[in-house]
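Following the hints, put chains B, C and D in place on chain A, whose structure we already have.
Listed below are the residues making up each chain.
There are 4 protein chains.
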Amino acid sequence: MTDRLLDVTALEAALQRFAEERNWQQYHSPKNLAMALTGEVEELVETFQWLTEEQSKCATRDPKTAQAVRDELADVMIYLVRLASVLGVDLNEAVVAKLSPNAQ
Amino acid sequence: MTDRLLDVTALEAALQRFAEERNWQQYHSPKNLAMALTGEVEELVETFQWLTEEQSKCATRDPKTAQAVRDELADVMIYLVRLASVLGVDLNEAVVAKLSPNAQ
Amino acid sequence: MTDRLLDVTALEAALQRFAEERNWQQYHSPKNLAMALTGEVEELVETFQWLTEEQSKCATRDPKTAQAVRDELADVMIYLVRLASVLGVDLNEAVVAKLSPNAQ
Amino acid sequence: MTDRLLDVTALEAALQRFAEERNWQQYHSPKNLAMALTGEVEELVETFQWLTEEQSKCATRDPKTAQAVRDELADVMIYLVRLASVLGVDLNEAVVAKLSPNAQ
Numbered sequence: 001m002t003d004r005l006l007d008v009t010a011l012e013a014a015l016q017r018f019a020e021e022r023n024w025q026q027y028h029s030p031k032n033l034a035m036a037l038t039g040e041v042e043e044l045v046e047t048f049q050w051l052t053e054e055q056s057k058c059a060t061r062d063p064k065t066a067q068a069v070r071d072e073l074a075d076v077m078i079y080l081v082r083l084a085s086v087l088g089v090d091l092n093e094a095v096v097a098k099l100s101p102n103a104q
Numbered sequence: 001m002t003d004r005l006l007d008v009t010a011l012e013a014a015l016q017r018f019a020e021e022r023n024w025q026q027y028h029s030p031k032n033l034a035m036a037l038t039g040e041v042e043e044l045v046e047t048f049q050w051l052t053e054e055q056s057k058c059a060t061r062d063p064k065t066a067q068a069v070r071d072e073l074a075d076v077m078i079y080l081v082r083l084a085s086v087l088g089v090d091l092n093e094a095v096v097a098k099l100s101p102n103a104q
Numbered sequence: 001m002t003d004r005l006l007d008v009t010a011l012e013a014a015l016q017r018f019a020e021e022r023n024w025q026q027y028h029s030p031k032n033l034a035m036a037l038t039g040e041v042e043e044l045v046e047t048f049q050w051l052t053e054e055q056s057k058c059a060t061r062d063p064k065t066a067q068a069v070r071d072e073l074a075d076v077m078i079y080l081v082r083l084a085s086v087l088g089v090d091l092n093e094a095v096v097a098k099l100s101p102n103a104q
Numbered sequence: 001m002t003d004r005l006l007d008v009t010a011l012e013a014a015l016q017r018f019a020e021e022r023n024w025q026q027y028h029s030p031k032n033l034a035m036a037l038t039g040e041v042e043e044l045v046e047t048f049q050w051l052t053e054e055q056s057k058c059a060t061r062d063p064k065t066a067q068a069v070r071d072e073l074a075d076v077m078i079y080l081v082r083l084a085s086v087l088g089v090d091l092n093e094a095v096v097a098k099l100s101p102n103a104q
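Chains as they are written, first to last, in our numbering: chain A, 1 to 104; chain B, 1 to 104; chain C, 1 to 104; chain D, 1 to 104.
You may find that some hints are simply not true.
[Said to hold, decoys possible] Here are the computed lysine-lysine pairs in the DSSO-like style, where the Cα-Cα straight-line distance is at most 30 Å:
hint, chain 1, residue 1, chain 2, residue 2
1, A, 64, B, 57
2, A, 98, A, 57
3, C, 64, D, 98
4, D, 98, D, 64
5, A, 98, B, 64
6, B, 64, B, 98
7, B, 57, A, 57
8, C, 57, D, 57
9, C, 57, C, 98
10, C, 98, D, 57
11, C, 57, B, 57
12, C, 98, D, 98
13, D, 64, C, 98
14, B, 98, A, 57
15, A, 98, B, 57
16, A, 57, D, 98
[Stated by the list, open to error] Residues on chain D that point at chain B, a partial pick, calculated with CB under 10 Å:
hint, residue
17, 45
18, 48
19, 68
The set of hints was computed from the structure by calculation and includes no laboratory data.
Virtual Cβ for every residue (Gly too), placed ideally from N, Cα, C.
So here's chain A without its partners, still in its complex pose (with noise of 0.2 Å):
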């Protein structure tokens, strides 16, 4: 296992800069941040709920489902890092750890 899995720095930078300009740290509490993550999350299951595991899998091959699925894939993204950046909790570090032979 390579001790470089994910590189997030450059997203992290530019949500830290979006939250300045916007004057959003006051809510970004990790309390707040944690509960936005569940909606974004919460909307991709909404996508795959009625549909049965075989289905789910060619979710994608509708163009508009597609759209939508990058979309909350991307937001889920965004609020983890920012969930990160907040806590002082290096990603990459964490994911590399939870990886290791000896976690498992």
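What follows is chains B, C and D alone, placed relative to chain A:
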């Protein structure tokens, strides 16, 4: 805005290898992975639910909570990258599109 | 503790009739209903996520928010009773057992 | 449609008494209770996430799973009724309004 905000290709490849080695692909439908993602996010929410916003900002001062939060953030990232992978979605492209001035 | 804390039999029967009339039983697996329940709860969470706790206590002073919250609470109840119904669980018995002194 | 689909008044009173006895009211903001409700629903989702829909229909044949599912359904009901209570929402009225022919 740059066109490279994040890079998860090494993690995506590692997770694909893990799934193949354990014959987990049969379980990794988008439907199941979206549910699993919800579960991981929920563990984060539970960490913060009885804290005030101010307390949530200091939650990681306690080493045990800090470790738990790192593990939970890592799990969310792992399932998010795996879900995007089985759906064939490029997370960097999706995030760049989402944050582009035209999409705001 | 009494042995009768809640009664949802009329709602359970109404939902069964609705599902039969619309031929929805095929979609109403526990797996799908649990996902749908998550979605309804999430709409509640979104109502409160950017509010402080104090603000959340006053959220229903605004008539439009109050109506939205009533609708979302109703949806959660509807899916909860439907899920228990397809699983054959008696919700009153389950709640009485959970709140009994022995279970605490 | 009748105007009485459910009755949770005894449970609502029991939960109010529990909260008063334990001085929990300070934690029971709608924001916190909505997060807690999410957590309880998530435990249900986790029960079913790696099952197929067909398997999910038979999940309660296993006595241990059946007990876990009963407990989780009870927890969702408890938090749902408590949340409605602190918000001053009459759940029966809300459900009747939601299912009325005009609201469909």
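Going through the hints against the structure:
{"no.": "1", "hint": "A/64 to B/57", "in the structure": "38 Å, violated"}
{"no.": "2", "hint": "A/98 to A/57", "in the structure": "27 Å, holds"}
{"no.": "3", "hint": "C/64 to D/98", "in the structure": "15 Å, holds"}
{"no.": "4", "hint": "D/98 to D/64", "in the structure": "35 Å, violated"}
{"no.": "5", "hint": "A/98 to B/64", "in the structure": "15 Å, holds"}
{"no.": "6", "hint": "B/64 to B/98", "in the structure": "35 Å, violated"}
{"no.": "7", "hint": "B/57 to A/57", "in the structure": "39 Å, violated"}
{"no.": "8", "hint": "C/57 to D/57", "in the structure": "39 Å, violated"}
{"no.": "9", "hint": "C/57 to C/98", "in the structure": "27 Å, holds"}
{"no.": "10", "hint": "C/98 to D/57", "in the structure": "23 Å, holds"}
{"no.": "11", "hint": "C/57 to B/57", "in the structure": "22 Å, holds"}
{"no.": "12", "hint": "C/98 to D/98", "in the structure": "29 Å, holds"}
{"no.": "13", "hint": "D/64 to C/98", "in the structure": "15 Å, holds"}
{"no.": "14", "hint": "B/98 to A/57", "in the structure": "23 Å, holds"}
{"no.": "15", "hint": "A/98 to B/57", "in the structure": "23 Å, holds"}
{"no.": "16", "hint": "A/57 to D/98", "in the structure": "33 Å, violated"}
{"no.": "17", "hint": "45", "in the structure": "5 Å, holds"}
{"no.": "18", "hint": "48", "in the structure": "7 Å, holds"}
{"no.": "19", "hint": "68", "in the structure": "15 Å, violated"}
Hints 1, 4, 6, 7, 8, 16, 19 from the list above are not met by this structure, while the remaining hints are.
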